[in-house]
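Enquirer: If you want the building blocks of each chain, they are given just below.
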Amino acid sequence: MAEYETVIGLEVHVQLKTKSKLFCGCSTEFGAPPNTHTCPVCTGMPGVLPVVNRQAVEYAIKSALALNCEVPSRSIFARKNYFYPDLPKNYQISQYEQPLAQNGYLEIGTDSAKKRVGIARINLEEDAGKLLHNIGSREIDGSLVDFNRCGVPLLEIVSSPDIKSPEEAYTYLTTLKNILRYLEVSDCDMEKGSLRCDANVSVRLVGKKELGVKAEVKNMNSFRAIQKALEYEVTRQIKALESEERIVQETRLWDEKKERTYSMRSKEEAHDYRYFPEPDLVPLVAEKKRIENIRKTISELPDMRRQRFIKEYKLSQYDAGVLTSDKALADYFEQVVKSYNNPKMVTNWVMVELLGRLNTVNKQVRESPVSPGQLADLLKLMDKGIISGKIAKTVFEEMFNTGKNPQAIVQEQKLVQITDEKEISRIVEEVLKENPDAVEEYGKGKQKAIGHLVGQVMRKTQGKANPQLVNKILKERLLKK
Amino acid sequence: MELCELTGNELLKKMEKKEISSEEIVRSVYNRINQVENKLHSFVTLTEEEASLQARNIDGNMRKGESRGLLAGIPVAIKDNMCIKNVKTTCSSHILENFISPYEATVVKKLRDAGAVFIGKTNMDEFAMGSSTENSYFGITRNPWDLDYIPGGSSGGSATAVASDETILAIGSDTGGSIRQPAACCGVVGLKPTYGRVSRYGLVAFASSLDQIGPFGKDVEDVALLMNVISGYDENDSTSVNVEVPDFTKSLIENVKGAKIGIPREYFVEGLDGEVERAVKEAIELLEKLGAKTLQISLPHTEYGVAVYYLIAPSEASANLARYDGVRYGYRSPETENLLEEYEKTRGEGFGAEVKRRIMLGTYALSSGYYDAYYLKAQKVRTLIKKDFDEAFQKVDVIVTPTAPTTAFKIGEKVDDPLQMYLSDIFTISANLAGIPGISLPCGFSKKGLPIGLQLLAKPFDEEVLLRIAYTYEKNTDWHKRKPAL
Amino acid sequence: MITKKEVEYVARLARLKLTEEEKEKYTKQLGDILEYINKLNELDTEKVEPTSHVLRLSNVFREDKVRPSLKQEEILANAPEVEASHFKVKKVIE
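Chains as they are written, first to last, in this note's numbering: chain P, 3 to 483; chain Z, 9 to 494; chain L, 1011 to 1104.
Wrong hints could be hidden among the right ones.
[As the list claims (entries may be wrong)] Heads up, incomplete: computed chain Z residues facing chain P, CB under 7 Å, no partners named:
id	residue
1	211
2	245
3	324
4	331
5	335
6	336
7	351
8	376
9	391
[Said to hold, decoys possible] Beta-carbon label-pair distances, calculated as ranges:
id	chain 1	residue 1	chain 2	residue 2	range
10	L	1049	Z	299	37 to 47 Å
11	L	1049	P	224	50 to 60 Å
12	L	1031	Z	56	35 to 45 Å
13	P	84	Z	257	45 to 55 Å
14	L	1052	P	287	14 to 24 Å
15	P	392	L	1071	56 to 66 Å
16	L	1049	Z	418	19 to 29 Å
17	P	287	L	1084	34 to 44 Å
[As the list claims (entries may be wrong)] Keeping only pairs whose Cα atoms sit at most 25 Å apart, straight-line, the calculated SDA-like set for lysine to any residue is:
id	chain 1	residue 1	chain 2	residue 2
18	Z	117	L	1071
19	P	132	Z	349
20	P	166	P	251
21	L	1100	P	221
Rather than coming from a laboratory, the hints here were simulated on the basis of the structure.
Beta carbons are placed, not taken as given, at the ideal position from N, Cα and C, and that holds for glycine.
Please model the complete structure; the sequences and the hints are all you need to start from.
Expert: As structure tokens, then:
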């Protein structure tokens, strides 16, 4: 079999986190009743005019700078003309000939295997409304339109065809999402539709210069789905080439259930968008000083933060990578460390206990029921010997389930560690009496038998006895025998 | 003399002296409408009840001595492509026949705040596309000076309403001459302000980079008064310019001494009607006699204006009119099989012939493979036309031309020949392409008794010089005092 | 100048249903108009910048503040067809 290489380009749309829409004052809040965040402007009534949201432009420029793009001194809006019921004016105000930014790149991978994926262009544009084809399970004899989302600012980020595998596409997307979240310009939440991605994919024989015929793949609702859809497409296209079938340039939709793509095959007409400069808006001019001011608002980006974590907290590559893969998580970590300065310990608790529990209940760090302050308090209790490490895990579970403070839980459930030597000695005596066999074995030189005895003491104290003390007292007692 | 025959300024003075009330003015205007409207058809919608209520409120406020606006109690007619809240805005189109606007145009809001009383919505060429008001879904409007003739367009209804005393003042819009040409045809004063002077928010767009709202009046003074009310920056219109608005009535000075007036040779060529030429030349001589200096100038790209305009305006229009699809408002074709048909039938049935022709032309000019040859080319020639004016205004204060090459033509005469119809805009179009202000005022009558219009053009944001020269001319003539016999 | 086929293509792009008669008429009329427009080719515009706007404005912004929307019933008041507080159209086939 011949060797093929894959060429992928991604078109990502992210909603910018402004309070109001791109061209009118309607709220961008998600989940409102249909057609309540709408006005004459965003529903395209006769006579209305758009006015650009300053914040949207600044978020766009900020993103462009973080993606290493050139921000030309002048950019303009253009009308993209096509008819669709979710597009009230039947043109979308977007950008075409003079985009907001271009010629950037995104670095993906880790230090050992870094790669640059080109960012061809970034456009600022308005989102369309939402179409509904059924209400709950009830099929409708038509389609319904809700314009709440219509006019929300979108950033269209178009990559160069530099991506060589579906896996790389996945890495590109997670890296991009992470950066945009770090910038706090977008939630990048695919479930809520604040990040969407279409992919162009083609294959060609290794060494061939010209690109193969590409398919545009749409309708994926998670990064994993995008990866799977691309894997499917690559296999399909190679198979087609192998059997000397012709690949047609087309749009294909991903079927999540059947895990395959299928051709739209509708009477899709040739696109003729008739772009022309939007006469209702004036050019955007990005003065050097303004760009520099926006650049200053860019806080530390994921890669820089990872490096810092390795240096400042002496974390491993892996741990630093995980902790900085999500801005909220990295913020969480640093807040805990601020009041409990033991990075190694905090890393373990955040990565094992916190992330583990969040994963099981499918929650984001932002939604964590345990605040960074609470976690720090818990670790301090452990440090001071008030509770044991084992008990701390129980307390954490309770904190996670109830949101209560660790001190309160420890008091309520009387989980304070027993450090009174007399008290422990008393229990040790009891245990020794009840376990003559173990005592005897220990006497015969079986060191392991002590473990059993310690376990018995812990059981009697519901784990509250200080393990070091238990060990010490037991050993002293056994030696005396 | 009936109150409706007076000018806005005359009525305001009488109201000031408490000789008359707004209610009396409104009643007089509606009496006149009842007399002549069936002959003219100036209006698409009349709002008599609301107008009477508004008038009574204003009268009440005045009795209480509350501060009153610049136009308190004065009737104003609004072209039916500007939105008045809770009133129909049809653009004289089947496709918007039942559209009731949930919001108000900025200009309408300003007029309302100034105390204007809205008489009704005036007839127009559908979506302001036309030069004769023959392209209205609701029927043609007739010229009050001769009912067999067109009133000009597209703001024909606003012009006839002012000319026939069916209103005191009116508002129109001008994309390629749609205020000035009907003003000329009907013997009234009409002004197209500088692009960006008046907010377009709430004006149903035809060609966004050319559209501008402006006033109609029986004399220059009324036009200046309306300019004071409607001008100014609007945060809802990104293309409105944030410059200080002068008090335009202060430009009403009878003095043209030393004013430099340019006469472009390209406007006095073959195709210009002899009677029109004579009237305009006499007007120029009068201005000279009053102390103005005239000089010959050249605007070399004048002949390309129509071609440029008929690419740019339809291209912008093809996108602006895409929203009329029967989804959110307006007409929807009743029986269709699928979505594509729903769109195509709705638009095919909802738009009239001229609108469809221009949408076709604009769509074609923007379509793949033609953009550079047509749209881009037109934009480049637009640059040349603008440069002509920039250079001319280095030498002169105003440019004087005929408003139109002929007086009003007969109803039906050019309906089947769109190109001939387009060429009747030849003298007005350039001002829109260059974004400069222009005014048309009466300067004579043809033997048949049809009015002739004189056009003055000035550099951007210099409406004051237009008003001063027009005012001086008007003070020394009495064309504007003539009334059509109806 | 312009063919009937092009007229049909443009009518589809613009979503205009035309009768046969209209197609014939527009083919002729648009042809005449385009022929007139071709006089622009007399001009050399190689080095001329296009004017899409006469204004010299840039960066006209509004601040990111939420302003009240219209009421749902006001937005839907003019709609030809409404279901479940949505605008309703013929089925969109994807």
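Enquirer: Now tell me, hint by hint, if it's right for this structure.
Expert: Here's how the hints hold up against the structure:
1. 211: holds, 6 Å
2. 245: Nearest chain P Cβ about 5 Å off; hint holds.
3. 324: holds, 6 Å
4. 331: holds, 5 Å
5. 335: holds, 6 Å
6. 336: Holds. Min distance 6 Å.
7. 351: Nearest chain P Cβ about 6 Å off; hint holds.
8. 376: Constraint on residue 376(Z) satisfied, holds at 5 Å.
9. 391: For residue 391(Z), the interface hint is violated, since the closest Cβ of chain P sits about 14 Å away, which is over 7 Å.
10. 1049(L) / 299(Z): 37 to 47 Å: holds, 40 Å
11. 1049(L) / 224(P): 50 to 60 Å: holds, 58 Å
12. 1031(L) / 56(Z): 35 to 45 Å: holds, 41 Å
13. 84(P) / 257(Z): 45 to 55 Å: For residue 257(Z) against residue 84(P), whose Cβ atoms are near 49 Å apart, the range 45 to 55 Å holds.
14. 1052(L) / 287(P): 14 to 24 Å: violated, 35 Å
15. 392(P) / 1071(L): 56 to 66 Å: holds, 59 Å
16. 1049(L) / 418(Z): 19 to 29 Å: holds, 28 Å
17. 287(P) / 1084(L): 34 to 44 Å: holds, 37 Å
18. 117(Z) / 1071(L): holds, 22 Å
19. 132(P) / 349(Z): holds, 21 Å
20. 166(P) / 251(P): holds, 19 Å
21. 1100(L) / 221(P): Distance of about 22 Å is within 25 Å: holds.
Violation of the numbered hints given earlier is confined to hints 9, 14; the remaining hints are satisfied by the structure.
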